[in-house]
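Asker: Residue numbers (the working numbering), protein chains in the order written: chain A, 1 to 135; chain B, 1001 to 1342.
Fair warning: there could be bad hints in the mix.
[Stated by the list, open to error] Which residues of chain B face chain A? A few of them, derived with a C-beta cut under 8 Å, are: (1) Leu1224; (2) Thr1233; (3) Gln1241; (4) Arg1242; (5) Arg1245; (6) Ile1246; (7) Glu1248; (8) Tyr1278.
Think of the hints as simulated: they come from the structure by calculation, not from any bench.
A quick note: this is a predicted structure, and the numbers were derived from the prediction, not measured.
For glycine and all other residues, C-beta sits at the position ideal for the given N, C-alpha and C.
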Amino acid sequence: MRRLRRALFAALAAWILFSPGLAQLAGIELPFVRPWIMFKDVGIGVLKGDFVATSLNGAEVRLTPLQVLGRSRYPIEAQPYRFENRVFADKDVKRFVADYCARQEGRIADLRFEGRVGAGPSWRPLVVGGLCERA
Amino acid sequence: MSEIARSVDPLTRAPSGSPLCGSPPPLLREGGKGPQFSSPACGGGVERSETEGVARSALKAGAGLIDRLGAEIETIALRQGSTRAAALVRIIIALLILAKWSEEFALFRADHIGLIVLSPIYFGAALLMLAGFRTKAAVFAMSLVLGLLYFGYGKLGGVHEWAHHHCYMLLAVTALLNGAPCEKSYSVDRWLALRRAARQGCDPPAERGFTWAQRLIVLQMGALYFWTAIDKTEPYFLNGQRLERIFEWAYAGHPLYDVITAPPLLAAASCLVVGLEYFLGYALIAGRMKRAAFVIALGLHVLFYWLLKVDTYSATMIALYLLYADPDRVHRAIDAMHGRAA
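Assemble the whole structure, with the sequences as input and the hints as a guide.
Answerer: If you want it as structure tokens, here you go:
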């Protein structure tokens, strides 16, 4: 019993201390190995910057992504990966602004975005125009 | 570990002369059965003797290290102490599990056959674990339920909310509590044992047991800090950009957005968090600088709770620091709080 307890302790201690290295250093992802990567994906697909709406007479108005969505905050009570307006590719920006463009139809000449989007380990620059143009 | 090794419980103290008492490791004893080295005078010249000298030193150091490690494992695995800290953790973890999953398991929400079946097992195990009645069986059943939630639903079934790090910590701690005598204090089981002892005219059962599982929980906490610090030791975290992304999600539209997302503040906070996590990883795994670790960890986890949506994570980690303290010290502190002499 003494030996068993000692062996069990040593095995569990080694597993607890070193198993995360399998995923985090060797890149071996197994369902029963817990890598201690926390909050790493939070903010992926989130826009940071300004939308620039050009009116029919040429005046420009700068809007935050939240203003374009018509929200005061992101839905922080839910998990970030459940947010349906995340931007992974440039075409996703059109989906992001679809409701805004529908509301502003006939009142703006152009809508473009100038800023960054959460991608990979950090951000990626994102400048895209003609967002309200119909395909 | 060495602090624990120094404070060997009298019940498990090894006899004088054993490896636990600091005698030379067997491999290094004179005349022992350890490796034999030829003398430089026996041939090979100066170069060979130098090589042999280095090899001998390395072998001695390696053997000494393995021996010390074995002795430490022996000490920790067989150490006994008060069961009050483990019992308090059992109660707090049961409450956190109830806080985390009860709504999902309430019958009006559980509309999937698996959840309907699991629902009474979940509530039964959680409440028994909380009360400490049939504690061993309750903790075991709860470990199975949490394992199913994390691995089955979370990892394989795509319910990502149940595969988060805070869920894993609740699972890991509950699973490890199976090895802790957490039923011996603050439980209905203890109350029944006391009544039985009184009926039979025996002394009250001691609130003591093996503490190896508690030590494993502390190692789990240390590993968490260490590996998360490893993950964050990269330019994009240290320059504040990863934190900026997290705060963009959490604070966009907030009145304090401009202050909280100021780049110099984010970079400084990122570096500080990584530094503190390395420190806590070291302090918990090595069992050193406990007072500083308590204060820093409390501050850090309260800050996480205040700034971000961390669910049960901070509360779990703060509660687990009860196990980082010496179990007998926790026992004496509780006695002192009740006005009883230690």
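Asker: Taking the earlier hints as the rules, which of them does this structure contradict?
Answerer: 2, 8
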